[in-house]
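Chemist: Now for the letters of each chain:
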Amino acid sequence: MDPRILQEFRAVVGDRGLITSPEQLKTYECDGLTIFRVLPEAVLLPSSTEEVQGVVQVCYRAAIPFVARGSGTGLSGGALPVKGGVVISTARMDRILDVDLPNARMVVEPGVINLEVTERVAPHGFFYAPDPSSQSVCSIGGNVAENAGGAHCLKYGFTTTHVLGLEVVLPDGTLAHLGGRALDAPGYDLSGVFVGSEGTLGIATKIILRIVKRPECIHTLLAAFGSTMEAGAAVSDIIGAGMLPAAIEMMDNLAIQAAEAAVHANYPNCGGLLLVELDGPTAEVEALMQQVDAICRKCGATEIRVAQTDAERALVWKGRKAAFAAVGRISPNYIVQDGVIPRTALPRLMSEIERLGIEAGIRVANVFHAGDGNLHPLVLYDRRIEGQEHAAEVLANRILELCIEAGGSITGEHGVGEEKKMMMSKMFAEPDLETMQRVRCAFDPKQLSNPTKIFPRPRLCGEVPGKYEPHPLEVAGIAERF
Amino acid sequence: MMSPRSASEKEPGIASSLADLSAIGNAEQWRDAGPGDIVAGIQPQLVFEPANETELAAVLRNADAAGLSVIPRGGGSKISWGNPPTRADLILSTARLNRVIEHAWADLTVSVEAGCTIGKLQQTLAQHEQRVAVDPLWPEEATIGGILSTNDSGTLRIRYGGLRDLVIGMTIALPDGTLASSGGKVVKNVAGYDLPKLLTGALGTLGVITRAIFRLHPLPRNILSFTFEAQNLADANRLLLAIQDSKLAHTGLQIRAAAETSPAVDIRFDGTEAGLAAQTETLRKLAGPAKETESSNKVWQARQDLFDGTASLNRNATGPIPAAIAKFSVLPTDIAAICEQVRDLARFAGVDWRAVVQGTGLGWVRLEAHNPLAIHQMLQALRSELERIGGSLVVSHRPPETPALDAWGNCGDILPLMLSIKEQFDPRKTLNPGRFVGGI
Chain A
1 MDPRILQEFR
11 AVVGDRGLIT
21 SPEQLKTYEC
31 DGLTIFRVLP
41 EAVLLPSSTE
51 EVQGVVQVCY
61 RAAIPFVARG
71 SGTGLSGGAL
81 PVKGGVVIST
91 ARMDRILDVD
101 LPNARMVVEP
111 GVINLEVTER
121 VAPHGFFYAP
131 DPSSQSVCSI
141 GGNVAENAGG
151 AHCLKYGFTT
161 THVLGLEVVL
171 PDGTLAHLGG
181 RALDAPGYDL
191 SGVFVGSEGT
201 LGIATKIILR
211 IVKRPECIHT
221 LLAAFGSTME
231 AGAAVSDIIG
241 AGMLPAAIEM
251 MDNLAIQAAE
261 AAVHANYPNC
271 GGLLLVELDG
281 PTAEVEALMQ
291 QVDAICRKCG
301 ATEIRVAQTD
311 AERALVWKGR
321 KAAFAAVGRI
331 SPNYIVQDGV
341 IPRTALPRLM
351 SEIERLGIEA
361 GIRVANVFHA
371 GDGNLHPLVL
381 YDRRIEGQEH
391 AAEVLANRIL
401 ELCIEAGGSI
411 TGEHGVGEEK
421 KMMMSKMFAE
431 PDLETMQRVR
441 CAFDPKQLSN
451 PTKIFPRPRL
461 CGEVPGKYEP
471 HPLEVAGIAE
481 RF
Chain B
483 MMSPRSASEK
493 EPGIASSLAD
503 LSAIGNAEQW
513 RDAGPGDIVA
523 GIQPQLVFEP
533 ANETELAAVL
543 RNADAAGLSV
553 IPRGGGSKIS
563 WGNPPTRADL
573 ILSTARLNRV
583 IEHAWADLTV
593 SVEAGCTIGK
603 LQQTLAQHEQ
613 RVAVDPLWPE
623 EATIGGILST
633 NDSGTLRIRY
643 GGLRDLVIGM
653 TIALPDGTLA
663 SSGGKVVKNV
673 AGYDLPKLLT
683 GALGTLGVIT
693 RAIFRLHPLP
703 RNILSFTFEA
713 QNLADANRLL
723 LAIQDSKLAH
733 TGLQIRAAAE
743 TSPAVDIRFD
753 GTEAGLAAQT
763 ETLRKLAGPA
773 KETESSNKVW
783 QARQDLFDGT
793 ASLNRNATGP
803 IPAAIAKFSV
813 LPTDIAAICE
823 QVRDLARFAG
833 VDWRAVVQGT
843 GLGWVRLEAH
853 NPLAIHQMLQ
863 ALRSELERIG
873 GSLVVSHRPP
883 ETPALDAWGN
893 CGDILPLMLS
903 IKEQFDPRKT
913 LNPGRFVGGI
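In the order they appear, the protein sequences are chains A and B.
Here my numbering is used: the first residue of the first sequence is 1, the next is one more, and so on.
Here my numbering is used: the first residue of the second sequence is 483, the next is one more, and so on.
Honestly, the hints are just simulated from the structure, not real lab data.
Yeah, the Cβ is synthetic: ideal placement off N, Cα and C, and Gly gets one too.
One should not assume that every hint holds.
[Unchecked claim] One-sided and incomplete, this derived list gives chain B residues near chain A with beta-carbon spacing under 10 Å:
#1 Q609
#2 Q612
#3 G644
#4 L656
[Stated by the list, open to error] Between beta-carbon pairs, the in silico distance windows are:
#5 A:K298 x B:E622: 32 to 42 Å
#6 A:E303 x B:Q604: 38 to 48 Å
#7 A:R305 x B:E755: 21 to 31 Å
#8 A:G14 x B:E869: 48 to 58 Å
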């Protein structure tokens, strides 16, 4: 990198805020998706909004692409550096700036760890609802970029539900305040657009969060079934009975074995394990829990346990949240997939995945957020066996195609990033993607902020907005496009 | 269908453009605009009712190419909201796009065309004991496209979030004729930008919503509402905050206040009978000395009642006394302070007032006075106080005889960004010109 540029960066963040040595840069060459690696030219560690602005202004003047990075736990390559570009780490911006309990709001910097938000307010009976499995290490800034979910978003919603406003450094270095502490600020809902934009619209430097009062009572029920099919039927009946649990999670036998091997959660050894969490006023939860119990028994549950104490619940959840990493105990390599289907397509998709796995000679462990149809198939393989890695990738992609065919999505919470941008053309038609990119052009006409992610083909922002062409799906006569 | 006589009365350039437009669709779908089609005082020329979204996109594209301005319209119940348009040539009505496309009840989602009324949609969903968890104004007239574009959700918001949290997919027509979909029909989905949120509350200035997909919630098993009379506004605010800080799982919470009366606090629960009984007990302990008065589920109509005799298309008649209605937003802890401000300003200016404020901090106030200038000045004073404390005031309705007043107020440092977005989506300013924030 041009030493004059480095000097400019140094003037903004000081020696301590600039990393250029190749050994240190290697730490930043990938995120949680390690198959993609790009060495950045430099890493900047600003410690204030002003420093982020300063760094971005240098990038803007010199047309250097930049990628913001939180804890680097993302699973879609969202924080993968761009060739010839720099990484801007928010790790040093880790202060909780304000806690406003009566209004249930907090203001944090992007480097604050997700779990720290809950820890700060737990003594006062509050929690921060989005709880991705990586919550003990992932940052709020990263959560904002990816619109992170977690097990409890069935009832509580996603990061976007809990972000009321943002201070953002735009790709030209100017500052903008989106949303605010009070609801419905006049104007477009730019906070809603920014959350989940995967770092392509700028860098959040302050985030106004909504926190939630902890419910009076939380019960977690574990039900063991002979198969995921039976467990799936129970899920349908629970939802069909008009209940909205805080979480419904499902694991298949391989995933159970892995979790047991890793954290000894004392799960029953069965074909399909269901974890149903209800929360709310005690009397309400107890009444509904009886119904859930009855539904599970009717659907063939062989064993039912209810965790009532915090310690029991923690153990139950520990197994579930450790499931991804735990798969390392039963397979040398694996791909974590993240697809979504309408919940009713679950049985069909499960048997299809099983069939494809057998055909390819590859095992697939399944962990789902079953309530909202978010699947996390773990495709297991051994890199040392020739051809297996490739076969695993093919299978993982095929699973996503099945999700699209079922009317679902290629990602429920991990993001598109680098990994799935080519799949975007399968889920969306060209006019859909072109329209989304108009937003990017409005925020980032020079395309410097994480420029190579999400979209299969970047749109030139100078292009005159496209002339009308019939939507390809209209031409194909598919009127109902969703 | 446009008659030659009426066409000749219009500007010649516009008349020939309009003639080109009417090649799309058939005669019953076109008509001359009449007094009933007036938009905030501006008389449009023509009304078109596309039969499907392809027709809608094609007419929008042709109008854009011809330099005509387009006002999208659903049921018209909130057509006067926002600033008056700087131009209004063509009303694009979604009246015929009124199908419920797919109620995937087992997946708790519904796909619906923009012109379907929320009332009709809720009836359909109720067959499977489900609903979109919103209770907007005038459900029999308000359409899906209209409630989304005006971001009008209602009292359920405190529990289920706003429309932004319930809409999961959308198809829009852009002025260049592009039909674009985003989101999808699954609740959890982070593929691509969240355009449904961008269009929600955009007052039809970026594109015309042609269909939307919502996540659904089960209909409540039982509903129970309570009302407490508070000594004064500060007491009402304290009770509201205490309820928010409790373990109660309420689905509605609001303060009703008016000149010369004690404020009321309304709270609503739903759930199993056992759950309701337990919550009732907790609530009564919490309310302490506050006097419980008889309540009914009708109290949740209070916001709509504010609009009586004002508002909306074909209901231009104001009441006998000039009135204004504005939506405001504050932090929940500031509700009493802002209502006291309203009370004091109103007393000083000789203005009568009523307000409904939800636990979310969103409120609506009605101001009435024989002297419309007093209303005007009060709106300005109230807005400046609200903006000072980080809130906002958006005027939905004001007496026609008052001086011009921007409907929206200050939008902070994001105006350049909003203008860039508008430029990308609608470079010729075809859609609802001048109606939105900052002249958009």
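Chemist: Please go over all the hints and tell whether each is borne out by the structure.
Modeler: Now the hints, each set against the structure:
1. Q609: violated (14 Å)
2. Q612: holds (8 Å)
3. G644: Where the cut-off is 10 Å and the nearest Cβ of chain A is about 7 Å from B:G644, the hint holds.
4. L656: At about 7 Å, which falls below the 10 Å cut-off, the nearest Cβ of chain A leaves the hint on B:L656 intact, so it holds.
5. A:K298 x B:E622: 32 to 42 Å: holds (41 Å)
6. A:E303 x B:Q604: 38 to 48 Å: Cβ of A:E303 to Cβ of B:Q604: about 41 Å, so the range 38 to 48 Å holds.
7. A:R305 x B:E755: 21 to 31 Å: For A:R305 and B:E755 the Cβ distance comes to about 27 Å; the hint holds.
8. A:G14 x B:E869: 48 to 58 Å: Since A:G14 and B:E869 have Cβ atoms about 38 Å apart, the given range 48 to 58 Å is violated.
Hint check: violations occur at hints 1, 8; the rest are consistent with the structure.
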